[in-house]
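Protein chains: 2
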Amino acid sequence: MKKKTKGQLIVLSGPSGVGKSTVISELLSERKDIYFSVSFTTRSPRVGEEDGVNYNFVSRERFEAMIANNELLEYAQYVGNYYGTSLKLIQDHLEAGTDVLLDIEVQGAAKVRAKCPDAVFIFIVPPSFEELSRRLHARNTDGEEVIRGRLQKAREEYREIPNYDYLVVNDKVSEAAAEIIAILTAEGCRTKNRMNLIEGV
Amino acid sequence: MKKKTKGQLIVLSGPSGVGKSTVISELLSERKDIYFSVSFTTRSPRVGEEDGVNYNFVSRERFEAMIANNELLEYAQYVGNYYGTSLKLIQDHLEAGTDVLLDIEVQGAAKVRAKCPDAVFIFIVPPSFEELSRRLHARNTDGEEVIRGRLQKAREEYREIPNYDYLVVNDKVSEAAAEIIAILTAEGCRTKNRMNLIEGV
Chain A
53 MKKKTKGQLI
63 VLSGPSGVGK
73 STVISELLSE
83 RKDIYFSVSF
93 TTRSPRVGEE
103 DGVNYNFVSR
113 ERFEAMIANN
123 ELLEYAQYVG
133 NYYGTSLKLI
143 QDHLEAGTDV
153 LLDIEVQGAA
163 KVRAKCPDAV
173 FIFIVPPSFE
183 ELSRRLHARN
193 TDGEEVIRGR
203 LQKAREEYRE
213 IPNYDYLVVN
223 DKVSEAAAEI
233 IAILTAEGCR
243 TKNRMNLIEG
253 V
Chain Y
53 MKKKTKGQLI
63 VLSGPSGVGK
73 STVISELLSE
83 RKDIYFSVSF
93 TTRSPRVGEE
103 DGVNYNFVSR
113 ERFEAMIANN
123 ELLEYAQYVG
133 NYYGTSLKLI
143 QDHLEAGTDV
153 LLDIEVQGAA
163 KVRAKCPDAV
173 FIFIVPPSFE
183 ELSRRLHARN
193 TDGEEVIRGR
203 LQKAREEYRE
213 IPNYDYLVVN
223 DKVSEAAAEI
233 IAILTAEGCR
243 TKNRMNLIEG
253 V
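From first to last, the protein sequence lines are chains A and Y.
Its first residue numbered 53, the first sequence is counted upward by one per residue in my numbering.
Its first residue numbered 53, the second sequence is counted upward by one per residue in my numbering.
Incorrect hints may have been included.
The list treats identical chains as one, so a pair stands whether inside a single copy or across any two.
What the hints assert, rightly or not - Derived lysine to aspartate or glutamate pairs resembling DMTMM-like cross-links, with alpha carbons at most 25 Å apart:
#	residue 1	residue 2
1	205	82
2	84	223
3	163	82
4	244	217
5	84	227
6	244	223
7	244	208
8	167	217
9	58	227
10	58	223
11	72	197
12	244	116
13	244	183
14	167	212
15	244	227
16	244	147
17	244	170
18	163	144
19	58	217
20	140	197
21	224	170
22	72	182
23	167	144
24	244	157
25	224	85
Simulated from the structure, these hints should not be mistaken for laboratory data.
Remember, predicted model here, so these are calculated numbers, not experimental data.
Take these sequences, add in the hints, and give me the full structure.
As structure tokens, this is what we get:
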């Protein structure tokens, strides 16, 4: 039996407040072999966020230089800030056979879909919009107006859901993470990813 | 949140001797909610096989009456015997929201694929052809010539693998069953099967 040689690119999107970071932490603690691609952003760190862990926090000037130098797989503006993904970091890991996880919003995901049709696209939703509103308020980081903007943005993002392969409801974090792990296992079992196992028959 | 209403049809194929029955037993012990569609066959029961459990063993006359009455989703001849699947039993369970598992050979699977494109198709292979030969000999139920026929048939069946969605290697039974369970979980997370969860947003 041969091993598969290339890693799988996994793209995760979901509205602000859905609890993506928590689900991702749980997922990465179960699947330590996954490389989590930390996005670059020009927005300010929130309380508890660490540079190089949650995001690579960079200046607007640095980000615009990365755009000019074609260093990004995708980038987008969101609520007035840049968010983007380093192309080279991802390519290096995929080539080495490592699965790579991207946490990006729907505009960025659409760009990745165009460039990497073999990637797996997963959208995370809350159990309901009321619950999303509750979580955004509980986070206690945004004012009422920002929250209203995030909820409006979420409704727009929902229109992109049909473009995603999988839909995961984050009701309980452990269950959402378990579903994502099952999705990754299943994707690894796809015939097209495994034909090398039966060479020479 | 609404529940999905229709069950998932799962089609499992693999060469004789790969250990499908053992994998299926393990799978069904973990996922007791799945209805395993017991095929009808005209072949004789092997030692340890039970009527209504491994197969519904019927006479050639009865089987041909089922064909004439359109009672079968698919049927095929294999090594001189008929094998077929009851249409009504499957439909009833799918409509009731129960996932249904079919264990059929590649000819039958091709017919199901034409009629039920939404079904999930999984092919199980041994780690190698040498291992398949070893398992067929260890089963101690067939003579050398029958085994040679089964190995030749297996090689022909392998040509159908690209038509299957997933490929599972039965090296360790528990791992093969776990992969199939992950595949079923993932299929349940497919956006097209879950859009009802986000109605009314």
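A quick look at each hint next to the structure:
1. Taking identical chains as interchangeable, the C-alpha atoms of residue 205 and residue 82 are never at most 25 Å apart, the minima being 31 Å within one chain and 41 Å between chains.
2. Taking the shortest alpha-carbon separations for residue 84 and residue 223, both the intra-copy value of 23 Å and the inter-copy value of 24 Å come in at or below 25 Å.
3. Neither within a single protomer nor between protomers do residue 163 and residue 82 lie at most 25 Å apart by alpha-carbon distance, with minima of 28 Å and 40 Å respectively.
4. Taking CA atoms no more than 25 Å apart as the test, residue 244 paired with residue 217 passes in both settings, with 16 Å inside one copy and 8 Å between copies.
5. In this homomeric assembly, residue 84 and residue 227 come within 25 Å of each other (Cα to Cα) both inside a single copy, at 18 Å, and across copies, at 19 Å.
6. Taking the shortest Cα distances, residue 244 and residue 223 sit within 25 Å of each other only across copies (19 Å), while inside one copy they are farther apart (32 Å).
7. Taking the shortest Cα distances, residue 244 and residue 208 sit within 25 Å of each other only across copies (19 Å), while inside one copy they are farther apart (34 Å).
8. For a Cα distance limit of 25 Å, the shortest separation of residue 167 from residue 217 qualifies both inside one copy, at 16 Å, and across copies, at 23 Å.
9. For a Cα distance limit of 25 Å, the shortest separation of residue 58 from residue 227 across copies, 22 Å, qualifies, whereas the shortest one inside one copy, 28 Å, does not.
10. In the homo-oligomer, the alpha carbons of residue 58 and residue 223 lie at most 25 Å apart only across protomers (22 Å), although the nearest pairing inside one protomer, at 32 Å, exceeds that limit.
11. Only within a single protomer do residue 72 and residue 197 lie at most 25 Å apart by alpha-carbon distance; the minimum there is 22 Å, versus 58 Å between protomers.
12. Taking the closest pair of Cα atoms, residue 244 and residue 116 never come within 25 Å of each other, the shortest separation being 38 Å inside a single copy and 38 Å across copies.
13. For a Cα distance limit of 25 Å, the shortest separation of residue 244 from residue 183 across copies, 23 Å, qualifies, whereas the shortest one inside one copy, 39 Å, does not.
14. Within a single copy, residue 167 and residue 212 get their C-alpha atoms as close as 17 Å, which meets the 25 Å cut-off; across copies the closest is 30 Å, which misses it.
15. For a Cα distance limit of 25 Å, the shortest separation of residue 244 from residue 227 across copies, 20 Å, qualifies, whereas the shortest one inside one copy, 28 Å, does not.
16. Taking the shortest alpha-carbon separations for residue 244 and residue 147, only the intra-copy value of 17 Å comes in at or below 25 Å, while the best inter-copy value is 31 Å.
17. Taking identical chains as interchangeable, the C-alpha atoms of residue 244 and residue 170 lie at most 25 Å apart whether they share a chain (10 Å) or sit on different chains (18 Å).
18. With identical chains, the CA atoms of residue 163 and residue 144 are at most 25 Å apart within one copy only, with a shortest distance of 19 Å there and 43 Å across copies.
19. In this assembly of identical chains, the alpha carbons of residue 58 and residue 217 lie at most 25 Å apart whether taken from the same copy (20 Å) or from different copies (19 Å).
20. Taking the closest pair of Cα atoms, residue 140 and residue 197 never come within 25 Å of each other, the shortest separation being 37 Å inside a single copy and 56 Å across copies.
21. Taking the shortest Cα distances, residue 224 and residue 170 never come within 25 Å of each other, neither inside one copy (29 Å) nor across copies (29 Å).
22. Taking identical chains as interchangeable, the C-alpha atoms of residue 72 and residue 182 lie at most 25 Å apart only when both belong to the same chain, with a minimum of 17 Å there against 46 Å between chains.
23. For a Cα distance limit of 25 Å, the shortest separation of residue 167 from residue 144 inside one copy, 16 Å, qualifies, whereas the shortest one across copies, 43 Å, does not.
24. Within a single copy, residue 244 and residue 157 get their C-alpha atoms only as close as 28 Å, which misses the 25 Å cut-off; across copies the closest is 20 Å, which meets it.
25. Both within a single protomer and between protomers do residue 224 and residue 85 lie at most 25 Å apart by alpha-carbon distance, with minima of 23 Å and 22 Å respectively.
Of the numbered hints given earlier, the model fails hints 1, 3, 12, 20 and 21; all others are met.
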